[in-house]
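So the chains spell out like this:
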Amino acid sequence: MNNTRGKPVTREEILSKKPLHILEKIRENLERLNEKMEVMIELQKHGRKDAQPLPDTPLDVMTLLSMPDHLRKTAMTICRCGRATANEVSQQTSRARAVESAYLNQLVIMGYLKKERKGRKAYFYADRDSQG
Amino acid sequence: MKMGKIVAVHSYKGGTGKTLFSVNLAATFAKHGKKVCLFDLDFRAPSLFAILKTENAPCWLNDYLNGNCGINKVLVDLSSQLQGNGNFFAALANPSTEAIRDMSAKDRKWEMRALGRLLSLRNTLLSDQKFDYLVFDTSPGLQYSSINAIVAADFVVVATTGDRSDVNGTRRMLRELYNLFEKKTGLVINKVLDPTSKSKKDEMDTRVKDLYQVPMLGLVPCFCEILRAEGNLIFVQDKPNHPFTKILDEMAKKIDANEVN
Chain Y
1 MNNTRGKPVT
11 REEILSKKPL
21 HILEKIRENL
31 ERLNEKMEVM
41 IELQKHGRKD
51 AQPLPDTPLD
61 VMTLLSMPDH
71 LRKTAMTICR
81 CGRATANEVS
91 QQTSRARAVE
101 SAYLNQLVIM
111 GYLKKERKGR
121 KAYFYADRDS
131 QG
Chain E
1 MKMGKIVAVH
11 SYKGGTGKTL
21 FSVNLAATFA
31 KHGKKVCLFD
41 LDFRAPSLFA
51 ILKTENAPCW
61 LNDYLNGNCG
71 INKVLVDLSS
81 QLQGNGNFFA
91 ALANPSTEAI
101 RDMSAKDRKW
111 EMRALGRLLS
121 LRNTLLSDQK
131 FDYLVFDTSP
141 GLQYSSINAI
151 VAADFVVVAT
161 TGDRSDVNGT
171 RRMLRELYNL
181 FEKKTGLVIN
191 KVLDPTSKSK
201 KDEMDTRVKD
211 LYQVPMLGLV
221 PCFCEILRAE
231 GNLIFVQDKP
241 NHPFTKILDE
251 MAKKIDANEV
261 N
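Protein sequences appear in the order of chains Y and E. Take the first sequence: its position 43, counting from 1, is numbered 43 in our numbering, and each next residue is one higher. Take the second sequence: its position 5, counting from 1, is numbered 5 in our numbering, and each next residue is one higher.
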């Protein structure tokens, strides 16, 4: 078997790359599963009514005022930073990363924040630029 | 290096002296050698253009919040009007009836973007251009623009008077708005009668803490000279030895040293 430059690829090379790729995929899927479980745990803790999405409600100051205290703190941090990971938010709020991750994902489900993955990191932000 | 601060000046009711306080606080910071910008966020009743006697900016603050220009197109450099080596800039609200009507009809999505633009001043003016203070003069009560200013600020000065209607509203506002946003706040009691004695000051201090549950930044007596000036003076600049100027000096030093507890 040849690679793109025509140099033969050894059997050992194929075997060493493939498991790494598979492991990376498994890790990504586990992280996603973990985030979903964190959200479910938080929803159970605080009651489902907190997470009912309101269509087309922007993350403005009135929305911030009407939020439960635990979510307001997280949402305010995103407002100030513009765009941040759960880890960066947790440094500002002095709460655990897993807790912030759950709150951030809850805010995404509620439609107030957007989430974007870049490599291994997930960034959260308020979508200020969309029309409507 | 010390990062600059955003100070918002707010009140529950109108006529409590917010604009007088904002102008003179910003001018005091500039007199102390700081680089300061005063913002007119009272879009329903703009007044800084009249007090500062200037309308020369290529753009209004309204244009910046609408996303039509950068903040540097809005800033008017008024440093030459002040003594000392500080820098004094102003960002003015458009006083035309059309602009006031336009700002009153904004929707929630616009207000969210406006909050984003106010928050981004932290990067453009405080971090990049090394401003020491941005002073936001706001509309009274629970207006969108005022709450945006409060959320964007590091420290909020609440101006109030002894008037019964103001006291109740201010208490509610502090409890139901400021507490929720966890804002560092200092109260200024304005138009106080006879606050000269130390015992009277201490008594007021204790009463204010009991009543409002927030620290007091200071007391401002009722000065007839301020009324007589009819808004024609920047008092701390034109009357350097007046007691009002000395009170503002102390308050600016307290804010600067983070001593409002």
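By construction, these hints were calculated from the structure, which means they are not laboratory data. By construction, the Cβ of each residue, glycine as well, lies at the ideal position given by its N, Cα and C atoms. A few of these clues could be false.
[Unchecked claim] Using 35 angstroms as the maximum straight-line C-alpha spacing, the simulated DSBU-like pairs for lysine-lysine come out as follows:
| no. | chain 1 | residue 1 | chain 2 | residue 2 |
| --- | --- | --- | --- | --- |
| 1 | Y | Lys73 | E | Lys183 |
| 2 | E | Lys198 | Y | Lys115 |
| 3 | E | Lys5 | Y | Lys115 |
| 4 | E | Lys73 | Y | Lys115 |
| 5 | Y | Lys73 | E | Lys198 |
| 6 | Y | Lys114 | E | Lys34 |
| 7 | E | Lys130 | Y | Lys114 |
| 8 | Y | Lys115 | E | Lys53 |
| 9 | Y | Lys114 | E | Lys209 |
| 10 | Y | Lys115 | E | Lys34 |
| 11 | Y | Lys114 | E | Lys254 |
| 12 | Y | Lys118 | E | Lys253 |
| 13 | Y | Lys73 | E | Lys209 |
| 14 | E | Lys183 | Y | Lys114 |
| 15 | E | Lys209 | Y | Lys36 |
| 16 | E | Lys13 | Y | Lys121 |
| 17 | Y | Lys73 | E | Lys5 |
| 18 | E | Lys246 | Y | Lys73 |
| 19 | E | Lys130 | Y | Lys115 |
| 20 | E | Lys253 | Y | Lys115 |
| 21 | E | Lys34 | Y | Lys73 |
| 22 | Y | Lys73 | E | Lys130 |
| 23 | Y | Lys121 | E | Lys254 |
| 24 | E | Lys184 | E | Lys198 |
| 25 | Y | Lys121 | E | Lys183 |
| 26 | E | Lys13 | Y | Lys118 |
| 27 | E | Lys34 | Y | Lys36 |
| 28 | Y | Lys121 | E | Lys209 |
| 29 | Y | Lys114 | E | Lys106 |
| 30 | Y | Lys73 | E | Lys253 |
[To be verified] What the simulated footprint calls covered on chain E by chain Y, stretch by stretch (three residues with Cβ under 8 angstroms from a Cβ of chain Y suffice, anywhere in the stretch; the number is not a length):
| no. | region |
| --- | --- |
| 31 | 33-45 |
| 32 | 107-117 |
| 33 | 175-181 |
Structure-based check of all given hints:
no.: 1; hint: Y/Lys73 - E/Lys183; in the structure: holds (12 angstroms)
no.: 2; hint: E/Lys198 - Y/Lys115; in the structure: violated (56 angstroms)
no.: 3; hint: E/Lys5 - Y/Lys115; in the structure: holds (30 angstroms)
no.: 4; hint: E/Lys73 - Y/Lys115; in the structure: holds (33 angstroms)
no.: 5; hint: Y/Lys73 - E/Lys198; in the structure: violated (40 angstroms)
no.: 6; hint: Y/Lys114 - E/Lys34; in the structure: violated (39 angstroms)
no.: 7; hint: E/Lys130 - Y/Lys114; in the structure: holds (32 angstroms)
no.: 8; hint: Y/Lys115 - E/Lys53; in the structure: violated (47 angstroms)
no.: 9; hint: Y/Lys114 - E/Lys209; in the structure: violated (41 angstroms)
no.: 10; hint: Y/Lys115 - E/Lys34; in the structure: violated (40 angstroms)
no.: 11; hint: Y/Lys114 - E/Lys254; in the structure: violated (40 angstroms)
no.: 12; hint: Y/Lys118 - E/Lys253; in the structure: violated (45 angstroms)
no.: 13; hint: Y/Lys73 - E/Lys209; in the structure: holds (26 angstroms)
no.: 14; hint: E/Lys183 - Y/Lys114; in the structure: holds (26 angstroms)
no.: 15; hint: E/Lys209 - Y/Lys36; in the structure: violated (45 angstroms)
no.: 16; hint: E/Lys13 - Y/Lys121; in the structure: violated (47 angstroms)
no.: 17; hint: Y/Lys73 - E/Lys5; in the structure: holds (20 angstroms)
no.: 18; hint: E/Lys246 - Y/Lys73; in the structure: violated (38 angstroms)
no.: 19; hint: E/Lys130 - Y/Lys115; in the structure: holds (32 angstroms)
no.: 20; hint: E/Lys253 - Y/Lys115; in the structure: violated (43 angstroms)
no.: 21; hint: E/Lys34 - Y/Lys73; in the structure: holds (32 angstroms)
no.: 22; hint: Y/Lys73 - E/Lys130; in the structure: holds (28 angstroms)
no.: 23; hint: Y/Lys121 - E/Lys254; in the structure: violated (42 angstroms)
no.: 24; hint: E/Lys184 - E/Lys198; in the structure: holds (26 angstroms)
no.: 25; hint: Y/Lys121 - E/Lys183; in the structure: holds (31 angstroms)
no.: 26; hint: E/Lys13 - Y/Lys118; in the structure: violated (48 angstroms)
no.: 27; hint: E/Lys34 - Y/Lys36; in the structure: violated (49 angstroms)
no.: 28; hint: Y/Lys121 - E/Lys209; in the structure: violated (46 angstroms)
no.: 29; hint: Y/Lys114 - E/Lys106; in the structure: holds (23 angstroms)
no.: 30; hint: Y/Lys73 - E/Lys253; in the structure: holds (30 angstroms)
no.: 31; hint: 33-45; in the structure: violated (count 0)
no.: 32; hint: 107-117; in the structure: holds (count 7)
no.: 33; hint: 175-181; in the structure: holds (count 3)
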